[in-house]
Amino acid sequence: MTALAFSEALGGIGARYLEEAADYRAKRTRSLWKRGLAAACLCLVIAGALFLLRGGRRNTLVFNELASFSGTAAQAVGGVTSEPVSAEEAAALLGFDLISAMPEPMRAFDFTCAKLVSGEDGAVTGVVAEGYADPDAFESPGVFLTASFEEMILVFEDEGDAPDLREAAFSAIGGRSALAFRVPSQTYVNARGEEKARPARYYLLLDGGRLTFWIESRGSLTQEEVEALAAGLAGRG
Amino acid sequence: MEDAEIIELFNRRSEEALRALDAKYGAACRRLAENITGSPEDAEECVNDAWLGVWNAIPPEKPDPLRTYVLRIVRNVSLKCLSRKNAAKRGGGHALALEELEGVLSGPDTAETALEAGELVRLIEGFLDTLSAENRVIFLRRYWFSDPYGEIARRVGVSEKNVSVRLTRLRRQLKDYLTEREVYL
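Protein sequences appear in the order of chains Z and U. Note that our numbering numbers the first sequence so that position 2 is 2, with each residue one more than the last. Note that our numbering numbers the second sequence so that position 38 is 1038, with each residue one more than the last.
Because the hints were derived from the structure by calculation, they are not lab data. Hints are supplied without guarantee of correctness; some may be wrong.
Each computed PhoX-like pair below joins lysine-lysine, with the alpha-carbon atoms no more than 25 Å apart [unchecked claim]:
no., chain 1, residue 1, chain 2, residue 2
1, Z, Lys196, U, Lys1175
2, U, Lys1085, U, Lys1024
3, Z, Lys115, U, Lys1062
4, U, Lys1161, U, Lys1175
5, Z, Lys115, U, Lys1161
Covered stretches of chain Z, going by a simulated chain U footprint (3 or more residues, C-beta under 8 Å) [stated by the list, open to error]:
no., region
6, 80 to 94
7, 222 to 230
Label pairs and their in silico Cβ distance ranges [stated by the list, open to error]:
no., chain 1, residue 1, chain 2, residue 2, range
8, Z, Lys196, U, Lys1085, 41 to 47 Å
9, U, Lys1080, Z, Asp134, 38 to 44 Å
10, Z, Gly95, U, Leu1096, 31 to 37 Å
11, Z, Ser82, U, Glu1002, 43 to 49 Å
12, U, Arg1172, Z, Glu195, 23 to 29 Å
13, U, Pro1065, Z, Ala108, 38 to 44 Å
14, Z, Ser82, U, Glu1005, 45 to 51 Å
15, U, Glu1061, Z, Glu88, 42 to 48 Å
16, Z, Ala15, U, Asn1011, 18 to 24 Å
17, U, Glu1182, Z, Gly95, 48 to 54 Å
18, U, Lys1062, Z, Ser86, 54 to 60 Å
Where is the CB? At the ideal position from N, CA and C, for every residue including glycine.
Use the sequences and the hints to build the structure in full.
Laid out in structure tokens, this is it:
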């Protein structure tokens, strides 16, 4: 599908959506971004407290179970844009080859890379790599990985989606702290009215030291594969 | 003037109908047309063409709501104008919005990828229903109204950078949504 075809179809959506967009005016002064930042502060405080209470670093990832998750990880300050780069350019920017740091089967994925560029000063703030075992196959195992030089926070689509971070289990892998959660397999109805199952999704925010990593599983990637990826990255940050 | 009164003027074939329509919705329509074409002169021409279209359509049409009806006509006329004058090379706002979407919708339109128009509209509405009201407005203000980031930021009450970040996420969500429903991208 082309963007033009999409735009033409968008022209046919119902009047209620357009009326809402035409009338909408901000009702609040605090932005989601600031709320996200507040959540991040809470997250970091709790992470620190748990770390101290446990008296040391655990090396077991604990995946919290979430009914759903709609959001992503983003840099704590400022906006970013992404620009495509080759895998070699991505490696040069990070100082190591992200793909080589992955477990063996994942290295064979078909990856596309992009650099993250600060909207404020144009500085490169990280690298994104997205790859699939078979890009043409539906629900093919894959991974969406962000390596950021800047601190990253979790940004939720709206407050209703935000899991209670006080209940989140902070864990660690390779001596690095992590926040991990899993959204179990769900069913949905596709465009032809067929019921399909979407595999479980794994999300992981990992403090790599110099870098912060954000990992999202795609398709039928397993928890073991996500853990192996995190173990490899924890030593490379 | 209420929409029903304006429509009644059209029904009576009174030219006052066009003046009332312009007074009530002219500014919003000109802004939409200029967002798409990138030119105030082209925008004025598009709005005039749209008013002619409305004049010819009412009666028998009885649009409700009237605003959405005229905005839709202005958008269609402006997109045709953009295509005719190859405005993409002149940097029209809609051309920039399309470039953003090309990052997630880059496939060719082939027999395999084609969906019935109505089916695609339903899928898009399904996607919009998954979004919070604020994100839905941001998405539509950018890709339906072709608003620049700054204008969306003022309307929604967030920073321009926040709009940029959220649109990036929304495009990715759109791609995931369509992929899950096995729409070839």
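Going down the list of hints, with the structure as the test:
1. Straight-line distance between C-alpha atoms of Z:Lys196 and U:Lys1175 comes to about 17 Å, which keeps the hinted pair within the 25 Å bound.
2. Simply put, U:Lys1085 and U:Lys1024 have alpha-carbon atoms about 29 Å apart, too far for the 25 Å limit, and the pair is violated.
3. A hinted pair counts as satisfied when its Cα atoms are at most 25 Å apart, and Z:Lys115 with U:Lys1062 does not qualify at roughly 51 Å.
4. Between U:Lys1161 and U:Lys1175, the direct Cα distance comes to roughly 21 Å. Compliance with the 25 Å bound is thereby established for this hinted pair.
5. Distance restraint check for Z:Lys115 and U:Lys1161: the Cα-Cα separation of roughly 17 Å lies within the 25 Å cut-off, and the hinted pair is therefore satisfied.
6. For the region 80 to 94 of chain Z, the proposed coverage by chain U is satisfied: 3 residues have a C-beta within less than 8 Å of a C-beta in that chain, meeting the threshold of three.
7. Counting residues of the region 222 to 230 of chain Z whose beta-carbon sits less than 8 Å from any beta-carbon of chain U gives 0, not enough to reach three: the coverage restraint is violated.
8. A beta carbon spacing of about 44 Å between Z:Lys196 and U:Lys1085 agrees with the range 41 to 47 Å that was offered as a hint.
9. Restraint check, U:Lys1080 to Z:Asp134: a C-beta distance of roughly 40 Å satisfies the suggested window 38 to 44 Å.
10. Between Z:Gly95 and U:Leu1096 the beta carbons are some 34 Å apart, a value that agrees with the proposed interval 31 to 37 Å.
11. Against the hinted window of 43 to 49 Å, the Cβ-Cβ separation of Z:Ser82 and U:Glu1002 comes to about 47 Å, which satisfies the hint.
12. Checked against the given bound of 23 to 29 Å, the beta carbons of U:Arg1172 and Z:Glu195, roughly 25 Å apart, stay inside it.
13. Take U:Pro1065 and Z:Ala108: their Cβ atoms lie about 54 Å apart, and the range 38 to 44 Å is violated.
14. Judged by the Cβ atoms, the range 45 to 51 Å given for Z:Ser82 and U:Glu1005 holds: they are separated by roughly 50 Å.
15. Under the hint 42 to 48 Å, the C-beta atoms of U:Glu1061 and Z:Glu88, about 59 Å apart, miss the expected range.
16. Distance hint check for Z:Ala15 and U:Asn1011: the Cβ-Cβ separation is about 21 Å, which falls inside the suggested range of 18 to 24 Å.
17. About 40 Å separates the C-beta atoms of U:Glu1182 and Z:Gly95, a value inconsistent with the hinted range of 48 to 54 Å.
18. In this structure the supplied range 54 to 60 Å holds for U:Lys1062 paired with Z:Ser86, their Cβ-Cβ distance being about 57 Å.
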